[in-house]
Every structure is written in structure tokens, then in C-alpha cells.
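Here's the letter readout for the chains.
Protein chains: 2
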Amino acid sequence: MNVNVLLFDRFETLDAMGPVEMLARPADYSVGFFSLDGGIVTSFQNVPVMTKPVSDMDRTGALLLPGGWGVRDIDHDQEFLSTLKGLCDDAAWVMSVCNGSVLLGACGALDGRKATSNKKLFQDALDSSDAVEWVEQARWVVDGKFYTASGVSAGIDMALGFLNDRLGREVAEEAATATEYLWNDDPTDDPFCKFQFT
Amino acid sequence: MNVNVLLFDRFETLDAMGPVEMLARPADYSVGFFSLDGGIVTSFQNVPVMTKPVSDMDRTGALLLPGGWGVRDIDHDQEFLSTLKGLCDDAAWVMSVCNGSVLLGACGALDGRKATSNKKLFQDALDSSDAVEWVEQARWVVDGKFYTASGVSAGIDMALGFLNDRLGREVAEEAATATEYLWNDDPTDDPFCKFQFT
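As you go down the protein sequences, you meet chains A and B in turn. Its first residue numbered 612, the first sequence is counted upward by one per residue in the working numbering. Its first residue numbered 612, the second sequence is counted upward by one per residue in the working numbering.
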């Protein structure tokens with residue numbers, strides 16, 4: 612399966628790289644990095660990642676969308692949002708981390724769906740779309756082909772949940788053990804919900 | 612403080628990017644990516660990162676060394692190891708993740724020090740140097756200016772430990788909360804030690 616990671620300037624590093632660590636493990640999963648026009652895209656933490664243009668993407672498989680402060684630069688960018696909506700329509704699976712779901716909400720991909728987002732920026736999610744059922748207390752939410760994670764590190768747990776759902780519990784647990792990661796495996800257990808709106 | 616991340620082909624993504632997520636948070640910490648000759652360096656999970664050559668590095672501050680399967684390509688490379696030894700001598704702090712400590716052992720930087728490494732590849736650490744006191748049961752180990760973490764995800768916990776030691780508990784906890792990360796904050800609590808040599 613293709614795992615197509617869509618980057619934009621000032622994305623949050625771990626939002627993308629945490630899930631990538633886990634999703635690259637199955638032998639038939641292949642990770643690639645893309646941006647609207649290709650070239651170097653730099654995260655908020657100053658990680659410069661080489662990307663291919665979206666026009667080069669094989670749109671089958673899974674789309675992975677990080678969040679980050681850069682979301683606020685593009686959450687009203689119609690070129691980005693319409694491209695994103697097309698990618699979501701074509702993908703078999705769509706995953707977002709943190710306030711990446713704000714972009715999914717803004718482009719209309721989540722209309723009529725349940726979804727979650729970063730707990731400290733939850734108002735941004737609520738503001739992005741009133742056609743989405745935003746779930747405040749969730750480590751991650753699955754609705755159809757859409758997986759949305761809470762803030763940053765929650766993306767790792769969601770990615771392991773995705774492996775669990777596609778390939779079984781053993782594969783997910785092996786990925787966690789191999790990376791010495793203590794998997795928070797209950798999507799409804801959200802220890803950070805209490806920090807919301809602080 | 613500079614956080615100079617030294618990359619090599621087939622490094623493990625989360626070994627580098629987990630700590631980077633945390634170490635980039637303090638306003639006066641600045642992350643940069645380097646490799647022996649500069650240019651694109653690609654992780655084992657297929658993340659292409661643009662690096663500067665080591666010759667461009669301001670060697671003050673902290674050096675961060677990931678591990679990964681690529682370690683086995685360079686753990687007898689005298690050019691790499693002598694460069695690494697020089698970087699360790701000049702750095703105020705040296706952090707390694709996973710089997711990155713095999714390279715620190717092989718270059719002699721850890722002589723007379725305590726250190727740890729990935730639990731599934733622990734024999735590689737033992738083989739790299741008998742002048743190091745290798746600690747099997749540890750999430751991470753601190754000895755002088757050297758911080759060595761166990762496998763992959765343990766690097767995130769170590770990085771938070773580094774922030775705790777330099778800037779105080781509140782800064783470390785704020786970094787964990789902001790990234791919705793459940794910090795395993797006890798360096799002696801190693802739930803993955805039991806998987807060693809399996």
C-alpha cells in the first residue's frame with residue numbers, strides 16, 4: 612500500500628514522522644513525501660524534507676496529513692483545499708494528525724463524519740466546519756475511511772490502530788515492541804482532553 | 612543551544628525526529644541536520660532529509676545521533692568514526708538513540724562511561740567496545756555529557772529528560788503536554804529489557 616504523506620511549510624515534525632515510523636514497517640507498505648509543487652518543505656522544527664509534486668502521486672492507498680502551525684497559513688487557501696479534497700476522494704484511506712483535521716474539515720472531506728483534533732487547538736476544528744461531528748474526548752477517531760488523531764503523539768497510536776485494523780493485532784504489537792513504544796491502544800482513552808481550551 | 616543532528620543513510624526516522632520534536636521547543640534551541648558530505652540523506656523509512664556537510668557545523672551545543680540499520684554500514688568506517696569522535700570531543704552534550712550508541716562505542720567516545728542501546732540489538736553494543744559499561748536495563752542513561760537512549764521511542768523520553776536536566780521539570784512536562792505525549796520519565800524503568808536477545 613502506498614502511504615502518501617502530504618507536507619506543507621511549518622508542518623509539525625512528529626505528526627508526520629511518528630506515523631511514518633510505524634506505517635513503513637509492513638513489507639508491502641511504501642512511504643512517499645509530497646507537496647503541492649514539490650521541492651524542499653521545512654517543518655516548524657526546521658526539518659527540511661524533499662518532496663515530489665502532488666501531480667506525481669499514485670493516489671491509491673493511504674493519504675497521511677500532519678498538522679502544525681502551518682495549517683493556519685493554508686486553511687483558507689482554495690488551491691490547497693481543492694487539491695486536498697481531490698486526494699481524499701481518490702484515497703482508499705485518509706489519516707490526519709493533530710490539527711491536520713482542520714484542513715480535512717475546511718475542504719469538506721469530513722462532511723457528515725465523526726473526527727477529532729488537537730485538544731489545545733480544538734476551537735480551530737470547530738470553526739473549520741459545522742458539518743463535522745467533532746469528538747472532543749478521543750485519542751483517535753475512525754469513521755469509514757477517515758482516521759483522525761488528537762495532538763502530535765496521538766498520531767503514533769492511531770497509526771498502530773491502523774495497522775491493527777488492516778493487518779491484525781500481532782502486526783501492530785510487533786511494530787510497537789520493535790520500536791520500544793508503549794502503545795496507548797484505546798482510542799477512547801484521552802488523557803489530554805482535560806487540557807482543552809486552557 | 613545548537614542541536615546538531617548527524618544523519619547517515621538508512622538512519623531510523625523516529626530515532627532522530629522524536630527527540631527533534633522535543634528539543635526544538637525551547638526558544639533558544641536551534642535544530643540543524645548534517646551528514647559527512649551534506650546533501651539528501653534518506654532514512655530506512657524512506658524520509659529524504661536535506662543536510663549540510665559536517666564542515667559547516669557550529670560544533671558548540673548538543674550532538675544528536677540516531678541509530679538504525681544504517682549503523683551496520685558505517686560501524687567500521689574509519690572516516691566516519693574519526694569525524695564522529697571529533698564532534699563528540701567538541702560538543703557540550705552528546706545524545707544517541709537506539710544503536711546510535713554502537714557508533715559512539717566504536718569511535719571510543721564512550722570509553723570508561725556507562726551507556727545503553729536498543730534491546731534487540733544489544734549484542735552489537737557489547738561487540739562495539741569493551742571499554743564501555745553497557746547498561747542492559749535502562750530507558751536511557753546519563754554519564755557526564757553523554758545521554759544514550761534505548762530503542763527508537765526511548766529517544767523521546769531521553770530528550771524530555773535532557774530538557775528536564777537543563778531547563779527544569781516544568782519545561783519538560785510542558786513539552787510532553789503540548790505534544791500530547793505520555794512521558795515515561797523514569798530512566799531506570801525499562802519495559803522492553805525482557806525482549807532482549809529474542
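No lab work stands behind these hints: they were computed from the structure. The C-beta atom is built at its ideal place from N, Cα and C for all residues, glycine as well. Among the hints, a few may not be true.
[Stated by the list, open to error] Quick list of the computed label-pair ranges, beta carbon to beta carbon: (1) A:725 with B:719: 21 to 29 Å; (2) B:797 with A:722: 31 to 39 Å; (3) A:670 with B:651: 44 to 52 Å; (4) A:747 with B:637: 42 to 50 Å; (5) A:747 with B:648: 47 to 55 Å; (6) A:747 with B:688: 46 to 54 Å; (7) B:683 with A:782: 21 to 29 Å; (8) A:781 with B:648: 37 to 45 Å.
[Unchecked claim] Below, in silico cross-link-like pairs of lysine to any residue (SDA-like), each with a Cα-Cα straight-line distance of 25 Å or less: (9) B:696 with A:643; (10) B:756 with B:737; (11) B:663 with A:701; (12) B:663 with A:731; (13) A:731 with B:746; (14) B:731 with B:747.
[Unchecked claim] So the derived list for chain A, only partly shown, Cβ under 10 Å to chain B, looks like this: (15) 641; (16) 691; (17) 734; (18) 780; (19) 790.
Hint by hint, here is what the structure shows:
no.: 1; hint: A:725 with B:719: 21 to 29 Å; result: violated, 55 Å
no.: 2; hint: B:797 with A:722: 31 to 39 Å; result: violated, 45 Å
no.: 3; hint: A:670 with B:651: 44 to 52 Å; result: violated, 24 Å
no.: 4; hint: A:747 with B:637: 42 to 50 Å; result: violated, 30 Å
no.: 5; hint: A:747 with B:648: 47 to 55 Å; result: holds, 49 Å
no.: 6; hint: A:747 with B:688: 46 to 54 Å; result: holds, 51 Å
no.: 7; hint: B:683 with A:782: 21 to 29 Å; result: holds, 25 Å
no.: 8; hint: A:781 with B:648: 37 to 45 Å; result: holds, 41 Å
no.: 9; hint: B:696 with A:643; result: violated, 34 Å
no.: 10; hint: B:756 with B:737; result: holds, 21 Å
no.: 11; hint: B:663 with A:701; result: violated, 37 Å
no.: 12; hint: B:663 with A:731; result: violated, 35 Å
no.: 13; hint: A:731 with B:746; result: violated, 38 Å
no.: 14; hint: B:731 with B:747; result: holds, 11 Å
no.: 15; hint: 641; result: holds, 7 Å
no.: 16; hint: 691; result: violated, 22 Å
no.: 17; hint: 734; result: violated, 16 Å
no.: 18; hint: 780; result: violated, 17 Å
no.: 19; hint: 790; result: holds, 4 Å
Of the numbered hints stated above, those contradicted by the structure are hints 1, 2, 3, 4, 9, 11, 12, 13, 16, 17 and 18, listed in ascending order.
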